[in-house]
Each structure stands twice: as structure tokens, then as C-alpha cells.
Amino acid sequence: ECLRGFLDTEFDLFAFEQYPTWFHNNSLLTLAEAGQYAGADAIEEYSRFASDTSPYVKNFVPEKLRTSLKDLVQVDENGICSFLIVVVSKYTLDPTTARSMTLEVMAMSRLFYDPIENYFPGAYVYFAKGYLDFVFGDAFNTPQTK
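First residue of the sequence shown: -18, per the working numbering; consecutive thereafter.
Treat the hints with care, since some could be wrong.
Under the rule of at most 27 Å between Cα atoms (straight-line distance), these lysine-lysine pairs were calculated in the DSS-like manner [to be verified]:
1) K110 / K71
2) K110 / K39
3) K39 / K71
Computed beta-carbon distance windows for the label pairs [to be verified]:
4) N99 / Q125: 37 to 45 Å
5) P124 / D(-11): 42 to 50 Å
6) R80 / D(-7): 22 to 30 Å
7) V56 / Y112: 29 to 37 Å
8) V54 / N122: 34 to 42 Å
9) R(-15) / R80: 41 to 49 Å
10) R80 / E(-2): 29 to 37 Å
To be clear, the hints were calculated from the coordinates, so they are not data collected in a lab. Cβ atoms here follow ideal geometry from the backbone N, Cα and C, with glycine treated the same way.
Go ahead and model the full structure; you've got the sequences and the hints to work with.
This is the structure we're talking about:
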């Protein structure tokens, strides 16, 4: 039930038009280094920052690592499913708003899915230690952004 429901949503982090369906006001995205984003609008705002709609990104290529979702599904006592998703993305930064560079970034997420209500109550997102410090302290820290 979990895997089928999840796959039926056709979840795609960058299909922003679906956020009001997938995330409710009580949905929480937790980024270990930066805190929580509550509700569809806040989650979308964060996600857009990590997409090609960001003013800092010139080109963006996400690539899901080849994993079997079936083997990564967990179900808690309330019937909430969680999936471990690992994505490696290649970002070419926009030199008009950031330092001219290309980054390969690995992100690991634990995405929670409620098959009864058919929505995502939450997610945890993890980046390599020091990654966000580097991005905000160096890559995006330019005269154009000050």
C-alpha cells in the first residue's frame, strides 16, 4: 500500500504546481543545518532555492541514484511510510549572482508519506557536513549578493 500510493503520486521535488496537493499546512521539511519549513508554500520556497528557478543557478541536472524503493520503505505504528531517497545533482552557478563554478551535490532525504490521507507530512534533508557553510559563505558570497 505504501509503495503503490507513493508511486501513484508521481512525486517529483521540482513539480512545484503539485505542492498544494502533496503538502498540507502541517507538513514539515526539516533541514538539519537550517531548521524547519512548515506548509506547502514554505517547502516550495526552500525547494525552489535548490532548483533551476534559483537566481544563483544557471543550470541544474538532478540524477536519482539507482536504488530500489521497495527495499527502503519503512512503516511506523501509525501507518506512515518513509522512503530514503538519495539524489546527486550537478549545479552550474550563475556568475551574475554567485561565483562561477560547477558543484556536484549529494542530498539524502527521508520522505514521509501518509497513504490514508495521500499526502506528505514531512521530510528530513541532509547534506554533507560543511556544504551549506561553503555555499552561503563562499559560493553565494559575492559582491553581487551583498
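- Hints the structure fails to honour: Structure breaks no hint.
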